[in-house]
Structures are given as C-alpha cells and as structure tokens.
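Using the sequences plus the hints, can you model the full thing?
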Amino acid sequence: LFKEVLKAVSLPLFVYGCGFEEKDAKLMEAISNAGKGERLFIGLAEEKAYKSLTAAAMANGHGLVAFSNLDINLAKQINILLMDFGMKPENILMDPLMAPLGMGLEYSYSVIERLRIGALMGDPVLQIPMICDCSCAWTVPEVLEEDDGKGTQVERGVNWEVITAEAALMAGAALVITRHPESVKHIRATIADLYGGV
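If you're matching positions, the sequence shown starts at 5 in this note's numbering and goes up one per residue.
Derived from the structure by calculation, the hints contain no laboratory data. Built from N, CA and C at the ideal position, the CB exists for glycine as well. Heads up, some of the hints might be wrong.
Cβ pair distances, simulated, as ranges [as the list claims (entries may be wrong)]: (1) A38 with I84: 27 to 33 Å; (2) D127 with K52: 19 to 25 Å; (3) K154 with V188: 20 to 26 Å.
As structure tokens, this is what we get:
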C-alpha cells in the first residue's frame, strides 16, 4: 500500500507511526527502506523514543518530525538530541502540538510564538521550521455534535480546522496538516491575502 501511495503522489510524504515505540521502530525502518530515493518525513520522534526513528530516517536521507507536547524547553532539547545523534538540522521539523479552537488554542499559539521568537532572536537550535497538525480540530465536541442549526458537521469541521491552521501559521508555523480539501482552499486564500499570492 505504501509503495502505491508513493507512486501516486509527487510531493514529499509525512508518515507517522502509531505511538508505540517498538512497533514504530520496525514500521518506520520498513517505510524508510521502501521510500529510499524519495523525500519522506517520518515521526513522531520524542524525547524518550527518538533513536530508532532517527536512524531509520538518516539511513535513507529522510526527514524527521520532532514532537514536544507544548514544552519550549523540550522542543529545544529534542532538537539538540537529534542533531547530536547525527541528524542534519535541515532534515528536522518541530511539532510543538497545536490544540484546536476551544481546546487550548491560545496556549498552543503562545508556545509556537515563543519558539519562533527564540529563532528570530538567533537561537540556532530553534531555527528549525515548525509543522502543526490542525486536523485535531475534527475532534472538538462542537464539531462532533448533531446540531444542523449550527451548520453541518463538515461545515463546522472545516471552519474549526481553518481557524486552527490560520492561528498556527500566524504564530510562526511553516507547515500545517489539514484533513479536508475545503480547508486547504480557505487557508491558501488567507496566505494569499497576507503575503500577496501563493
């Protein structure tokens, strides 16, 4: 299945494991080998589970997503650990965790903003691009509830995802992950408005 996806997609792929270190180590090694010669980012590398993923990524020239769960010091520490292990900074993306609107967006925004400000102030360890998974917006109770008076679940999900992604981008994220194609259209329009075209 993975090789079929690789053939069908011409863009770099992000492949995340299931969150269990032993399974992810085997899975990501196989994914890395199957994607040799392609541009992949694998993840999520965490403070206590990064060596096997880093080795798998480095073996075939892939990138790595480093997860830090809303902790600025941990984000910096994971980047240091990955670079000390031999990972090139240009092959690392930070995922500080993006909480959706109504479930901690403000705190996520402040963490991302502080990480980006640290990078702009010259901290080389924080000068690594950030990626934020905004698809978590689809798990918010206001999106999931059955109440067509507030719009369909899809309409609410797209709105929540767009607001979450726009906040992440404005705070300093370089990339956002979304689930719905309509969300991508809205986010691209916002970027075009802010930066004068996409």
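Checked hints:
1. A38 with I84: 27 to 33 Å: 30 Å, holds
2. D127 with K52: 19 to 25 Å: Hint holds: Cβ distance 23 Å, inside 19 to 25 Å.
3. K154 with V188: 20 to 26 Å: 23 Å, holds
The structure fails none of the hints (numbered hints given earlier).
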